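Given next are the chains, with one letter for each unit.
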Amino acid sequence: MARPFTPKVITANALLNGDVVYFTANDDWSPMLCDAEVIEDEAHAQLRLLEAERQQAQAVGVYMADVINGPDGPEPAHFRENFRRSGPSNYFHGKQAELS
Amino acid sequence: MYRYNEFDDAFLAARNAQFRAQVQRRIDGSLTEDEFKPLRLMNGLYLQLHAYMLRVAIPYGTLSSDQMRQLALIADKFDKGYGHFTTRQNIQYNWPKLPEVPDILDALAEVKLHAIQTSGNTIRNVTADHFAGAAADEIADPRPVAELIRQWSTDHPEFQFLPRKFKIAITGSPNDRAVTRAHDIGLRMVERDGEAGFEVIVGGGLGRTPVVGKVIRDFLPRADLLPYLEAVVSAYNTLGRRDNKYKARIKITVNENGIDAVRDQVEARFNELRPLFKGVDQELLAQIEAHFAAPEFAPRDEAPYALAYANDPVFRSWADTNLAAHKAPGHAIVSISLKAQGQTPGDATSDQMRLLADLADRYGHGELRISHEQNVILPHVHKSDLPALHAALKPAGLATANIGLISDIIACPGMDYCALATARSIPVAQQIAERFDALKLEHDIGPLKIKISGCINACGHHHVGHIGILGLDRAGVENYQITLGGDGTEDAVIGQRTGPGFAYDEIVDAIERIIRAYLELREDPGETFLAAYRRLGAEPFKAALYPEAAKKNAA
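Listed in order, the protein sequences are those of chains A and B.
Taking full-length UniProt numbering, the leading residue of the first sequence gets 1, the next gets one more, and so forth.
Taking full-length UniProt numbering, the leading residue of the second sequence gets 1, the next gets one more, and so forth.
If we strip away everything but chain A, and leave its shape as in the complex, we get:
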């Protein structure tokens, strides 16, 4: 039996500064996970992934990441994505500094 589809967001790095970005429902890219379009349907996910990958001038290394729906929007399902949305743990650099 096929595994049930779990909620996902589309993420990548920005071409120019390499920053982690998330694909929004408006077809643009946001540095904030809470702005990401949460995709609940597999067919829609495939379509959105193609649309995101087409944005070669904005994003590099486009892929889908699992999320869990929380009260404040999507939360990363895996610790790797948790680091990506905040920054390294040894210095206060990256998103944790830029978005605070």
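Simulated from the structure, these hints should not be mistaken for laboratory data.
Don't take every hint at face value.
Okay, the calculated beta carbon distance ranges per label pair [what the hints assert, rightly or not]:
| # | chain 1 | residue 1 | chain 2 | residue 2 | range |
| --- | --- | --- | --- | --- | --- |
| 1 | A | Ala57 | B | Ser317 | 26 to 32 Å |
| 2 | B | Glu434 | A | Gly73 | 45 to 51 Å |
| 3 | A | Gly73 | B | Asp491 | 43 to 49 Å |
| 4 | B | Leu519 | A | Pro31 | 47 to 53 Å |
Here are the simulated BS3-like cross-link-like pairs (lysine-lysine), alpha carbons at most 27 Å apart as the crow flies [said to hold, decoys possible]:
| # | chain 1 | residue 1 | chain 2 | residue 2 |
| --- | --- | --- | --- | --- |
| 5 | B | Lys77 | A | Lys95 |
| 6 | B | Lys97 | B | Lys77 |
| 7 | B | Lys327 | B | Lys245 |
| 8 | B | Lys77 | B | Lys37 |
| 9 | B | Lys245 | B | Lys278 |
| 10 | B | Lys165 | B | Lys77 |
| 11 | B | Lys327 | B | Lys278 |
| 12 | B | Lys97 | A | Lys95 |
| 13 | B | Lys112 | B | Lys97 |
| 14 | A | Lys95 | B | Lys37 |
| 15 | B | Lys167 | B | Lys214 |
| 16 | B | Lys80 | A | Lys95 |
The structure displayed is predicted, hence computed values, not measured ones.
Backbone N, C-alpha and C fix where the C-beta goes; we use that ideal spot for every residue, glycine too.
For chain A, the structure is supplied; the task is to place chain B on it using the hints.
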């Protein structure tokens, strides 16, 4: 130090101009990412978790003070004011922006540095003993040969599309400080009948399939080095697998074909190549050797050193751990620790880099080295200057007396930066260092190498750590496996796994249990951890690590 000639300058300028145009074409949309990626990797530009990363080669680990100052300037101007020194004698900048990378490369070229072949399936930065040209136990300085290999391998048309990356390390000493047995080719200088030559080791490597390299030639005359290297890489280029990335390194080629079959192919190719090298390489080598002439080691009064050593316990502790024997009387090799307890192993701020450059000018003939153990070395310091040097290092957080001790930990960037990582390394290293510093046990424990990798690729050399730690992702949770008894010297040994791994919040306690068992079991304070492990085997340490299992077995 090697000085670029007109050809070198023109080559680098042309290469940088090419890459500038390639970046421009990527940004204006003429190149897709698929087209651009191999081009950026050829120039050391990776895309990591949070940003791009630029890996700059420090050929054979040697830097001039001017080069170090320029690395500091780049850290300030284009990055976040620091750089990370790696286990392959590179420096990595963690936050460059794509449009600025061509400017960074031009700034590097101003001081004859580059990022060429720091990535991709080519011959990578040639690494060397970080004490080269200074060590008391050295037969000859290996760096002229390393420079010759760099020139030969850079843009070598036959070797730009190897089955996989290819790493060469070289040492001029019988005591191997360059981990030559864990490289695709390791070169160890040896003497036979008064003539210096190389023991050639092939097929070593760490990663997912750790292998100690095998001797393919026990004595290679120095003059035959380039044709022989070319023969080895050529044989690998032919025999190496391209169907499976994980079976593509030369260690697998050697294991699948056998060292004898590989040797036969290498010797056959060598016999073809040898006559084609008509001595130009040796003329070039002679020119390069002149660039590496040792500085004048003038004899001076050593009394200031003896006085400080007798009266200042902090200085004495530092001198006991951070100095190594120099070939010239009255001199010492100074290892400056980038492992202050709680700091990120291998990181230096731009201020620290500038201070190190200034101190190299003042006390060390303007020369610095970067070790694969992620520390900085001033190779030529007169002992009378050591008290002043130590005093200058202290306020900058650079006087930590821990070289070769438990907090002198190799750690890869791990999941704090690396896109390949499966777990974090840096915070584990920080916590272990802080734990034993707080316990005040570090100097009592004595020589001990802990090495931490955040994934199976083993950039942190965990397989050859006396205690190795490998961070994995087990069902979405960080998990750390421990190996014991590894050794990266000329007697290289791959460490053995102890058993099940430990969670992120258990790993420091687990290491402490191993250390307490060692302190309990050693014959006397002179018996190192590695010696005790070799005498006792893994069992007593496993019992300390897994007390529950030990209890069950006893019941």
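query = Which numbered hints does this structure break?
reply = 1, 2, 3, 7, 9, 10, 11
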